[in-house]
Amino acid sequence: MNEEAVKKVILKEDEDYIINMGPQHPSTHGVLRLEVCLNGETVKHMTPHIGYIHRGMEKMAEFNTYKQLIHLTDRMDYLSAHINNEAVCLAVENALEVEVPERVQYIRAILDELSRVASHHLWWSAFGMDLGALTTFFYGMRDREKVLAIFEESFGSRLLHSFNTPGGLMHDVHPNFRKHTREFVKYFRKKLPDYKNLLTDNIIFHNRTKGIGVMDKEMAINYGITGPSGRGSGFSCDVRKVAPYGVYDKVVFREILYPEGDSFARYKVRVDEMQESLNILEQLVDDMPEEGGYTAKMKPVIKLPEGEYFQRVEAARGEFGVFIVSKGEKYPYRIKFRSPSFSNLFVLGPLAKGGIIADLVAICGSLDLVIPDIDR
Amino acid sequence: MMENRNEFEDFVSKNIPYCTLNQGAQYPELIIPAEKLHAAAAALKNYKEQPFDYLVSLTAIDHLDKFTMVYHLESTLTRTMIVLKAVLEDREEPQIDTVSDLWITAEFHERGVFDLFGIRFKNHPDLRRFFLEDDYGFPLRKDFKDDVNIIEYPN
Amino acid sequence: MILEIYSFSTLTSSIDEGLNSVMAPWLVTLTEFVIVGIVFLLFYALLGLFLVYLERKVCAVIQNRIGPNRVGKWGMFQTIADLIKLLMKELITIKNADKFLFNLAPFIVIITSFMAIAALPFAKGLQAIDLNIGIFYVMAVSSLGVVGILIAGWSSNSKYSLIGAMRSGAQIISYELSVGLSLLAIVIFSGSMQLSTIVESQADGWWIFKGHIPALFAFVLYLIAATAEINRGPFDLAEAESELTAGFHTEYSGIKFAFFFLAEYINMFIVAAIATTLFLGGWMPLHIGGWEGFNQIMDYIPSIVWFFGKTFVIIYIIMWFKWTFPRLRIDQLLNLEWKYLLPLNLMNIVLISFVVLIGLYFK
Amino acid sequence: MNSVVRYFTDIYKGVTSLWTGMKVTGKYFISPGEIVTEQYPENRATLKMEDRFKGEVIMPHDENNQHKCTGCGICEVNCPNGSIEIITKKVPNEQGKMVRAIDKHIYHLSMCTFCELCIKTCPFDAITWGQDFEHAVFDRTRLTRVLNRPGSSLKKKEVKS
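Which chain is which? The protein sequence lines are R, Y, H and P, in order.
In this text, residue positions in the first sequence follow our numbering: the first is 1, and each later residue adds one.
In this text, residue positions in the second sequence follow our numbering: the first is 1001, and each later residue adds one.
In this text, residue positions in the third sequence follow our numbering: the first is 2001, and each later residue adds one.
In this text, residue positions in the fourth sequence follow our numbering: the first is 3001, and each later residue adds one.
There may be inaccurate statements among the hints.
Said to hold, decoys possible - In silico SDA-like pairs for lysine to any residue, Cα to Cα no more than 25 Å straight-line: (1) P:K3048 <-> R:T42; (2) H:K2210 <-> H:R2070; (3) R:K186 <-> P:S3110; (4) R:K191 <-> R:V285; (5) R:K146 <-> R:R189; (6) H:K2339 <-> P:F3029; (7) R:K217 <-> Y:K1014; (8) H:K2339 <-> P:G3014; (9) P:K3090 <-> P:H3135; (10) Y:K1045 <-> Y:H1124; (11) P:K3048 <-> H:F2321; (12) P:K3027 <-> R:M219; (13) R:K146 <-> R:T42; (14) R:K179 <-> P:F3029; (15) H:K2339 <-> R:T42; (16) R:K59 <-> Y:D1101; (17) P:K3027 <-> R:E183; (18) P:K3048 <-> P:K3104; (19) R:K146 <-> P:F3029; (20) Y:K1122 <-> R:A149; (21) R:K146 <-> P:E3050; (22) H:K2339 <-> H:F2312; (23) Y:K1014 <-> Y:H1124; (24) P:K3027 <-> R:K179.
Unchecked claim - Output of the computed footprint for chain Y on chain R, the stretches with three or more beta carbons under 8 Å from beta carbons of chain Y: (25) 110-124; (26) 283-289.
Hints listed in this document are in silico derivations from the structure and should not be mistaken for laboratory results.
Where a beta carbon is used, it is the ideal one built from N, C-alpha and C, also for glycine.
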């Protein structure tokens, strides 16, 4: 065989060691399929395949009124469902130029932060488990349960509480809401050192995440990586700071930025964000007005004036955007959800290239993907 | 929202003369014909004072007689957001330039748009169906009829 | 000295004499083989079930849970129920798998762990076979298990399994060195490789106390290396459920899977038992020089209780590792061995040789 | 020499970080504190759901087997995914006129997404949330329920004083 032929045989696609991670795989966190091409254990290239739970939400939304389509947004990023709801509500309210009561804005912001903390809890649990620390899962879930208990008390459901409605809230929060939120903040502050000792300071964890999946700022912007993953690369993309909505211009908080861009930086951003969320919660709970009702006056059938409306909010995984095209009817003419995980997913391939399978798992965990959010 | 609006208008009239600049309700809107998209996008990306380097969202609208591609662009330097709209008159075989060489994230959003609208992107590196099977049809078009799972919505 | 009533030698010798009086010597040997085999089989199965139960309870308590609590009081029969379930499950045949090797692998794994148990001194006079190269034998046999794992990974025609098996091979071959070297420390101290002699040499104090710093050092190194050798805790790369779904036993089902599972837990017991025998005095009670009253009280506790008590403490520590730490990566795992454990072990061996030569340890 | 020092400080730091981690789990092993496990079927008697818990949609009936549903169909219109079907009938009232009344209020629990729009929009507060959450059945059709009980009738409006 001549040299050319040998080369051809070596580079032949069929000879690659391809493993399919997913659709059922413990570390893809849902029905995501990663087609990983390996050389030994080193990842040569990786292609994500999505669409296993594509539900056609954008099409479904075209047949739902603005009040009805709120419950669809719950089912995208189900871990921060409230924030998704809020995006649609804000878009509709801004389009109609409705002034929602200040109390509603405060409650929404509190729920945003609680959802964010709960979502980061789950991420922390699952990330630890991806790396093989199985106990983190239960500690994270244990603390998340406290948040879910607050949700359940006020809204009757723990995960998919379609509690927002254009113009305000479905009904008032429970009388104990403020007290229990304060209790949670106090409780979770006590538990945070455990998180630090168990995972953040652990040498094995450092070795597994530091310098793994390095993404610089340029790359993050180019790939549209937002949320904690983007901020781990120094990309200042917190919508709460960039384009404040609700009461976020009234509270004092810090945008967590880490310039390193590796998995550990992304981890640190989220852990610090949990702490920052507690600070925000404390301010909001103290300032929340007692009076003011829970909804603005809205017509029973909402018709948006003709035009195009874009609203973005900071969901737990990044920038969540809603783009509504209205033709003056009670149904939206076209609706587009810009979901954070969709953009975040596609940086996984370039980041995982050259690493080994264990790195791929670590990077995938640090990007914090929610698969229904990708597929919509 | 936009402090240096005059400068931006000057820039647009100099570099993208073929566009119509609308004030828009929320963000300034640039409407351009489809074949000029890539040039306009490149000009906006390489705008020195405020490079629009972050593609927030990319989508299409089916207007029954034409398609409109909608690009939401943001400058990470000045935090200004604009909307770039490209009008595709040809609805039968819609084609438009890809912008994935300017913003990599566009590659995947464009694949999504191709999947659901059937708009072909010229020079796209990897234009395949994303969510659906190859012979499914393009569900986000307004004239889409699902022959298999016929669900009539009570309107 | 330990009380004679707790010694098992009277029991074993009386059985031997009884058998000798009724049948021919070759038949006696055969009968004794059978008896020992049955006793060990029973012990093996019960121990495996208990260890699985223990692990689940320990991790439950660590994780603020209750753990198994449905079958029997405190869920005591949960593992037995699981075993019955596994026995009844279908043995799935894998397409294009090497049938013979695929079926052979679980047996190799389980037989090697079975063989290692034979040489362990459980109590005074309770040891199936007292080889004069006991440590050497145990190490040699227990490292044979990797052959079974490699065969399992290779023959099951699955990519995940193959990666898991290869990882396991690399891991066990390298950690074998550290285990050997840290055990060598005690061999130098006691001057013998026979397990019974080593235990006897600790009558007046365990090696971990008598050998002070270097022995303690060797003990820690042994614990780390042994945890790696049995594919557990932070070193469970061969299984690595978040990366390789289940590693080398991905394709196994039913009782064949149970064999791997059981062997893993028995291996944990074996390494803990070796650590007990070598570092913590085996079945020897805790004696403190000069405290005669205390020593006598300690003597009243049967030797078998001492042995299993110490073993389970070490098993708990190994479990504690597993439920605390994240998993290492394969290159870090090998780095840890070749760059840290092995040099430290070699230094320790030199140190111990000096200590023994000068006589700086407590005699 | 420097690298040797670094080698040993690395080991020391690593071991201490591992020990801090082990202290956390060890602490929980010795004093687990709050046990999170719910002993579910056993604690049925004490398990109390929140008042607002969204278990299923129910139609409260009073002691006279009367409910408040007039069969207006607003809930059916507002339901985003067709979980509610209203079948009405004509019944004579006191004056002998034929008026619309509810025949069957069919509720598909299997399709319900618990968005609360039906309950929110009902002008007569005829339906509300039930706290029952044990909906597991072997046959999906059993999740389709008729909310108004057989033989029930419309409750007369109390005259407001």
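The hints, checked one at a time:
1. P:K3048 <-> R:T42: Violated - the C-alpha atoms of T42 (chain R) and K3048 (chain P) are around 53 Å apart, more than 25 Å.
2. H:K2210 <-> H:R2070: Since the Cα atoms of K2210 (chain H) and R2070 (chain H) sit roughly 46 Å apart, the hinted pair is violated (cutoff 25 Å).
3. R:K186 <-> P:S3110: 39 Å, violated
4. R:K191 <-> R:V285: 20 Å, holds
5. R:K146 <-> R:R189: The given pair, whose Cα atoms are some 13 Å apart, holds under the 25 Å limit.
6. H:K2339 <-> P:F3029: 33 Å, violated
7. R:K217 <-> Y:K1014: 30 Å, violated
8. H:K2339 <-> P:G3014: 14 Å, holds
9. P:K3090 <-> P:H3135: 33 Å, violated
10. Y:K1045 <-> Y:H1124: Since the Cα atoms of K1045 (chain Y) and H1124 (chain Y) sit roughly 18 Å apart, the hinted pair holds (cutoff 25 Å).
11. P:K3048 <-> H:F2321: The given pair, whose Cα atoms are some 39 Å apart, is violated under the 25 Å limit.
12. P:K3027 <-> R:M219: Violated, because 43 Å separates the two Cα atoms, which is more than 25 Å.
13. R:K146 <-> R:T42: 41 Å, violated
14. R:K179 <-> P:F3029: Violated, at about 31 Å.
15. H:K2339 <-> R:T42: Holds. K2339 (chain H) to T42 (chain R) sits at ~22 Å (cutoff 25 Å).
16. R:K59 <-> Y:D1101: Answer violated: K59 (chain R) to D1101 (chain Y) is near 29 Å, above 25 Å.
17. P:K3027 <-> R:E183: 23 Å, holds
18. P:K3048 <-> P:K3104: 31 Å, violated
19. R:K146 <-> P:F3029: 21 Å, holds
20. Y:K1122 <-> R:A149: Violated, at about 52 Å.
21. R:K146 <-> P:E3050: Measuring from Cα to Cα gives roughly 14 Å; hence the hint holds.
22. H:K2339 <-> H:F2312: Judged against 25 Å, a Cα distance of about 30 Å means the pair is violated.
23. Y:K1014 <-> Y:H1124: 28 Å, violated
24. P:K3027 <-> R:K179: 29 Å, violated
25. 110-124: violated (count 0)
26. 283-289: violated (count 0)
In this structure, the hints that do not hold are numbers 1, 2, 3, 6, 7, 9, 11, 12, 13, 14, 16, 18, 20, 22, 23, 24, 25, 26, in rising order.
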